[in-house]
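Asker: Given the coordinates of chain Y, work out where chain F should sit on it, guided by the hints.
These protein sequence lines map, in sequence, to chains Y and F. Residue numbers are given in UniProt numbering: position 161 of the first sequence equals residue 161, and the series is strictly consecutive. Residue numbers are given in UniProt numbering: position 713 of the second sequence equals residue 713, and the series is strictly consecutive.
Where hints are given, some of them may not hold.
For lysine-lysine, the following BS3-like pairs were computed, each having C-alpha atoms within a straight-line distance of at most 30 Å [unchecked claim]:
id : chain 1 : residue 1 : chain 2 : residue 2
1  : Y       : Lys118    : F       : Lys815
2  : Y       : Lys161    : F       : Lys148
3  : F       : Lys692    : Y       : Lys36
4  : Y       : Lys153    : F       : Lys830
5  : F       : Lys201    : F       : Lys148
6  : Y       : Lys161    : F       : Lys692
7  : F       : Lys689    : Y       : Lys118
8  : F       : Lys923    : Y       : Lys161
9  : Y       : Lys45     : F       : Lys692
A short, non-exhaustive set of chain Y residues, derived as facing chain F with CB atoms under 7 Å [stated by the list, open to error]:
id : residue
10 : Asn77
11 : Pro90
12 : Thr94
13 : Lys95
14 : Thr98
15 : Asp120
16 : Phe123
17 : His124
18 : Asp132
19 : Ala154
20 : Val155
21 : Val158
22 : Ala159
23 : Pro160
24 : Leu162
By construction, these hints were calculated from the structure, which means they are not laboratory data. Quick reminder that beta carbons are idealized off the backbone N, C-alpha and C, glycines included.
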Amino acid sequence: MISLARCALILTLLFEFLNSALSTPEYENFGTVYHKLPHHTEYSKRGVVVTTSSSARYSEFEDVLSSFDITKNLENNQLYLVKIVDNEYPNHVTKSFTKSCLLKSSNFEDKIIIHLDKNDKMFHFDYYTSSDQCNKTIDPQTGVFKTTVQTVKAVNGVAPKLNKAVPLREDGTVEKPPEEKSFIQKYWWYFIPLIILLLTGGPPEESQQGGQQQQQQQRGGQAVRPAR
Amino acid sequence: MGRLLALRVFALLILSLVLHVELVSSIYANQAGVIDWHHQYIGTPKVSFFHKFVSRGAYVLVASDRNVLASINVRSGNIDWRQVFDGNEDILAFKGYENTAISVSRRDNDYMVRSWESHSGFMLWENRIKNVGLYKNSNPSIENDAPKVEVIFAANKPNVLILLEGSTVINLNAIDGKQIWRSDLAESSTILYKLVEFKEKVYGVGLKKSFSSYTIEVVTYDISSGILKTQLLNSKVDNIKDMIVLGGSIQDGFIIWSEGGFIRVNRLGTTSIEQSSLEELYENVIPSFVNADGILELLDLNIRSRTEFLVQVPTKKGNTAAAFKVDHASGRLVALYDFEEKSENSIYSATFDKNERIIISRSRVIAENATEVDIIAPGSGTILGNYKIPYSFNSYGELKKSVLDVDSKAMGYRMLVTSADGSMHFWKDHDVVWKSEESLAHTIEAEFLDLPERKLWTQESDELAEQPEETETISPLIRYIRRLKTHIEQLKDFPAYLATYVQRLITGDYEAEFKLTNKSKVSLHRDTFGFRKLLIFVTRTKLVALDTINKGQIIWSRFFGNDVFEFKNIFIVRSSTVKYPPIVVAIGIQKNSEGKFVTRLFRLNGLTGEDFIPAENEKSFPPELSIPITTKRILKLPVEEPDERTHIIALIDEELKFHIYPNHENSIKAFTQFAPSFYFTLSDDIGEKALKGYKVVKNNVQPFDITEIWTLNFPEGESIAAIGRRPPNEKVASLGRVLGDRSVLYKYLNPHLVAIATLSTSIPTELNVYLVDVVKGSILHHATHENVGSSHPVRIAQVENSIVYHFWSENDNEKGYVIVVYELYESENKDQRFESPVLSSFAHERPHVIAQAYMFPYGINAIGVTTTKHGIATREFLFALDTDQVFGVSKRFLDPRRPQHALTNEDKEEMLIPYDPAIPDNKKWVLSYHLSIAGIRHIITSPALLESTSLVLAYGLDLWFTREAPSKTFDVLSEDFSKGTLLATILGLILSILITKPMVRRKKVNARWY
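Next comes chain Y alone, as it looks inside the complex (with noise of 0.2 Å):
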């Protein structure tokens, strides 16, 4: 029975192994966000970021609007700060900031905007709130952050099309060039002659001019030939 359970063990042991080698593990970016309100002096924890190169989720502490009372006016140029340090690399800081009143009037729904370089690590963010205008008659209704976050890859700068440009249609289909016909198909019927005069059974004067007629075309057939 032991031995069994050890097999079972190895087993599965080497199963989560084998799967860990053969899946690749996707690169993940902890990454803590700070913030700094107008009446705060310092940063304070808001929240993590976790980030991998196809999806990110953040999470929130709680009570990070503690002591902010949300009734209050805030002045139209007081500044909401945000910053996020990575876990991995504590001196990697990216800063950003808002107007805190755009915080009011857009009811605490905000928006992280996560750049990731090449190697999906996050360089910078970028933060944004759902309104862009200082609203004073709007009240908000709740002091909770409703936050999504998103990440940015940069895309492939342009390169110049040096293939021959492929005629399109004007709904982007390929328009098809007409087939290219060989010499023969498209001057068979010269050769209809010769063969009656062949089968004919002619002259032989007149089946050696043939020939000749024959190698002369050919020869014209091939100087045609790059020109198109």
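Answerer: Quick look at chain F alone, frame taken from chain Y:
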């Protein structure tokens, strides 16, 4: 007003009659140089000398600090030939030899020795000398000034001897440049400074560090074998300046040095030392040395094998000098001539005439507007000439260097003088033959300055400047009389105006009134089409204003070398208005007495270059100001102070404090109102690895504090290679682009968008292009080009909603220069805009980017874009090619909407050109036709009053100015428009009316009767 109206009516008449406009693409040969002008420069001479060889006459050969070799015609000042070296190849020595000239320059760690045919500038041979100073026992503390390169020529053999890095002597064949021998002083602490050759021996004279000073060491080489021996002289020298070496070639060489209270002389090749007591010199020999007050200085006159030299001594009242000679036979010093004490600084140069007589010139600035030159033959003690030459001290500063020559044909003395601002002057006897404003070869920044209209100081302008109280009290009658007076005043100009009008009508030459027919100064005012502007250049230590017409004639120049160590920026803080002159602020740095840098600001009248002092508030606007800071960034703010209506300038210092200028109360008030909406970036320079955004913190005292609000760290290994900003005050004619089906794509026009290109250090190099909103620090677009050539520069330019960048691609398929163009739209879809009515950096609105890439036929040094008054004319991108030409490519070719399929009817309606992977190398697009405009670093443009035309200036080493009409001159009648026919037709019609009118009347009357 009446004038303008008449013009408009006439223009309307012509336009209604003629709808045919001739289109001209490139210019004809006879149009070259008519509207454009080209100034060739070489930079400030490092080495200059008169070169004569047999029957070819004399010319000046120059090697400059902009690494140019040139031959200058002494009569005209024109450049006969010019060789422009790469920026990183410094010319170290240049010397004439028979019909050639030898140059030595340093490239990377190697020395290039080249021989040039002196009258044509063709290169005869080149020898690259490697591994110089490799084995030298480096002793960096031995001497402050680095050893110079010495070039001498052997007397009886065609050999060139070159001393490099104070240790290596090379003997080359002057005919083909082949090396005969080379000798490196490997394990020695001696540094050689001078090279002399005579009697088949080459002597290298150097200094060897001994206990507390230096000892002279002589290294002797055999000219044919290069075998050397060294010998120490019993001597003590404190400084290299205390020693000179004279003679050589056809006579013996001597070392002269001052030691203790003596001047000592050694004949090279011997150990004997002759000495003269300074005390005796001061008291008996040279009378003017009695007042000596300081250390004497030995001046080498550099006259080939001659042994004459100068001793210069500062005195209590100024300075004096005396000429000496080493007697060849005895080897002793002989006093020749006492120059006497003069209070001004003097510069000396020497030459000899056809009788081998030594002639010395002494030049000094004696007044604000004059210099005095004494020409003396010290041998006989005769004064050959005393000339007063006009010279503007305010424009050129002190005299720095002179080269004298005797014109044997015309029997006169001519001199090439270099002044402190870097310009060259050529004098002959009393006259200035020519001068060349070489300081413009060091232009740091240039700006277009609009000129005021002519009615500057008329009564009409006074009427406009009326105070509000006056407006309320004045009666309509008085106002009417006043207006009438103005019109009568203007009537005075009418005959002259009529004359120019008729002349203009006949010749079609709109610049006629500005052409200098005589030497009288033309008043500075704008012309009809706004082609006339001032170009204000800020060079290292000087401001120069040029006229855009009259071939770029200098209007004013001002030298600041005594106040400013180096200029940094120039800003036009107030443009020309009806009543007030334009104001220019120039900002530079200077070292103060404690050796710290201070920032200095100068406030000048843009039309005259004089200090600008306003009529009121004199104290708030000092013409000169120094602030004890070193600036990190200087910005012109888009806000004006209320008193003088000039733009406020912000200076951010190294400690990140924010200063504003002018800093009086009202200015601070204006700024604090503006500050909440003001965001700026620092560290946005080439080579930086991060970009940071800042904002001024509210506090009402200067200097303001700033706080960092965003940081953009580029991915590891990337640093900024190029930045493209939108031109300030850009006029955009249309908010959208109309497509073939009459729908509109709306342009994304974000004034805070900056395009940044970074290059990575990884291999293969990667080019990343970021479009960053600099208010918010958000990246709006990011594209990566892989496999990019890192040794080629990246250039980027931005205009309206398009961005253009140029780089070298290493990809196999498209290896070569690639140019990419972006266009930014609000939406991918037609007729769709952003939701919010105002474009805000705080809104999450990313532009839709369309891009296309093309192969570009050339490497480029700068990108400029034409600007027109309203931005209606099609843009043209101007490229400064690495072939020293300016190449204009229409926006229609750099258009990412160029279809890659067969043109549809809609495409044709939109006037699109089918995609072609290469930008054609069309010779008609070269705006600079056959001119070679060397060293362009910037292209700037400015609009004219005509919508079709843009003024273009390319500068760097040379200056080139032209007018460019990117969509052809649609608003100007072509030159071959027949005005005569038009006038004849009108006259004919009037005549026929006059003739037929009575006939018709008679007929009508008759009809009534019968």
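Asker: If a hint holds in the structure, say so; if it doesn't, say that too.
Answerer: Hint-by-hint comparison with the structure:
1. Y:Lys118 to F:Lys815: Holds, at about 23 Å.
2. Y:Lys161 to F:Lys148: violated, 54 Å
3. F:Lys692 to Y:Lys36: Measuring from Cα to Cα gives roughly 18 Å; hence the hint holds.
4. Y:Lys153 to F:Lys830: holds, 26 Å
5. F:Lys201 to F:Lys148: holds, 21 Å
6. Y:Lys161 to F:Lys692: Outside the cut-off at roughly 37 Å; violated.
7. F:Lys689 to Y:Lys118: Since the Cα atoms of Lys689 (chain F) and Lys118 (chain Y) sit roughly 17 Å apart, the hinted pair holds (cutoff 30 Å).
8. F:Lys923 to Y:Lys161: Since the Cα atoms of Lys923 (chain F) and Lys161 (chain Y) sit roughly 24 Å apart, the hinted pair holds (cutoff 30 Å).
9. Y:Lys45 to F:Lys692: Judged against 30 Å, a Cα distance of about 22 Å means the pair holds.
10. Asn77: With a minimum Cβ separation of about 4 Å from chain F (threshold 7 Å), the hint on Asn77 (chain Y) holds.
11. Pro90: This hint is violated: Pro90 (chain Y) lies away from chain F, its Cβ roughly 13 Å from the closest one there, beyond 7 Å.
12. Thr94: Hint holds; Thr94 (chain Y) Cβ to chain F Cβ min 6 Å, cut 7 Å.
13. Lys95: Where the cut-off is 7 Å and the nearest Cβ of chain F is about 4 Å from Lys95 (chain Y), the hint holds.
14. Thr98: Holds. Min distance 6 Å.
15. Asp120: At about 11 Å, which exceeds the 7 Å cut-off, the nearest Cβ of chain F leaves the hint on Asp120 (chain Y) violated.
16. Phe123: Result: holds, 5 Å to nearest chain F Cβ.
17. His124: holds, 5 Å
18. Asp132: Hint holds; Asp132 (chain Y) Cβ to chain F Cβ min 3 Å, cut 7 Å.
19. Ala154: Since chain F brings a Cβ to about 4 Å from Ala154 (chain Y), closer than 7 Å, the hint holds.
20. Val155: For Val155 (chain Y), the interface hint holds, since the closest Cβ of chain F sits about 5 Å away, which is under 7 Å.
21. Val158: Given a least distance of 4 Å, the restraint on Val158 (chain Y) holds.
22. Ala159: holds, 5 Å
23. Pro160: Holds - the Cβ of Pro160 (chain Y) comes within 7 Å of chain F, reaching about 4 Å at its closest.
24. Leu162: holds, 5 Å
Hint violations for this structure: numbers 2, 6, 11, 15, all remaining hints satisfied.
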